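Top line first, the protein sequences correspond to chains A and B. Under the numbering used here, the first residue of the first sequence is numbered 1, with each subsequent residue one higher. Under the numbering used here, the first residue of the second sequence is numbered 1, with each subsequent residue one higher.
Mixed in with the good hints there might be a few duds.
[Claimed, not checked] Okay, the calculated beta carbon distance ranges per label pair: (1) R81/B to L119/A: 29 to 35 Å; (2) N53/B to G16/A: 49 to 55 Å; (3) N30/B to V60/A: 24 to 30 Å; (4) S65/A to H114/B: 31 to 37 Å; (5) N57/B to K79/A: 43 to 49 Å; (6) D11/B to Q70/A: 41 to 47 Å; (7) S9/B to G16/A: 35 to 41 Å; (8) K52/B to V60/A: 29 to 35 Å.
In short, the hints are calculated from the structure, not lab data. Everything numeric in this text was worked out from a predicted model, so none of it was measured. Glycine residues also receive a C-beta, built at the ideal position from the N, C-alpha and C atoms.
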Amino acid sequence: SQTIHQWPATLVQPVGSPLSLECTVEGTSNPNLYWYRQAAGRGLQLLFYSVGIGQISSEVPQNLSASRPQDRQFILSSKKLLLSDSGFYLCAWSVWGPRGGARGTGELFFGEGSRLTVL
Amino acid sequence: DAKTTQPPSMDCAEGRAANLPCNHSTISGNEYVYWYRQIHSQGPQYIIHGLKNNETNEMASLIITEDRKSSTLILPHATLRDTAVYYCIVRGSNAGGTSYGKLTFGQGTILTVHP
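Chain A with its partners taken away, still in its complex shape (with noise of 0.2 Å):
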């Protein structure tokens, strides 16, 4: 079966330092591959989407990049946090047929979320 792990859970960061979250995905190959954030109380927001290796789509400019080294492996990284950085990050996978459309249902399976408090 698949599964999606993110870590770390829980981060603590001081305005100005450098990030990493790293998610990956297993039990399925060439997954599509997508980084939200929720700030407190309100909805969640596409911040990157990959379809592949190496492959990165920004959804809206931000102080945030995107990495895709291997396959079923997703980091979100900053060089410098703001304080405007703090948020539940959420990392998701889905898999679409080689022409588009949607293998199995065509949901999105999400991971358990990294909570990143900047001060």
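We have chain A already, so just place chain B on it with the hints.
Using the frame of chain A, we list chain B on its own:
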């Protein structure tokens, strides 16, 4: 992807059916209706999705109107553990073009199940 409109909050008594409405009047012919829920401090969980026929699974039922401009998620016997934010999302099934399987979440409906 079409936008959706949901009530910001709803209450339901434990053991009763919870009926969560969603309006998606600009839905196009190849767009599906997806429902997710998010329990506090957890990642969203897929519930159900449909195109035009009503759907049922072990978690819920999805009723889509004939004109597809609205739908209702039904939790037949709500429990306290069903308290969560419920998101209705409309999306095409084809990952080609600019979709890439992305889901755009709105504010959802906060469902509170009372004892």
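Outcome of the hint check:
1. R81/B to L119/A: 29 to 35 Å: 33 Å, holds
2. N53/B to G16/A: 49 to 55 Å: 54 Å, holds
3. N30/B to V60/A: 24 to 30 Å: 26 Å, holds
4. S65/A to H114/B: 31 to 37 Å: 44 Å, violated
5. N57/B to K79/A: 43 to 49 Å: This hint holds: roughly 44 Å between Cβ atoms.
6. D11/B to Q70/A: 41 to 47 Å: Since the Cβ atoms of D11/B and Q70/A sit about 46 Å apart, the hinted range of 41 to 47 Å holds.
7. S9/B to G16/A: 35 to 41 Å: Holds, since S9/B and G16/A (Cβ atoms, about 38 Å apart) stay within the stated range.
8. K52/B to V60/A: 29 to 35 Å: 33 Å, holds
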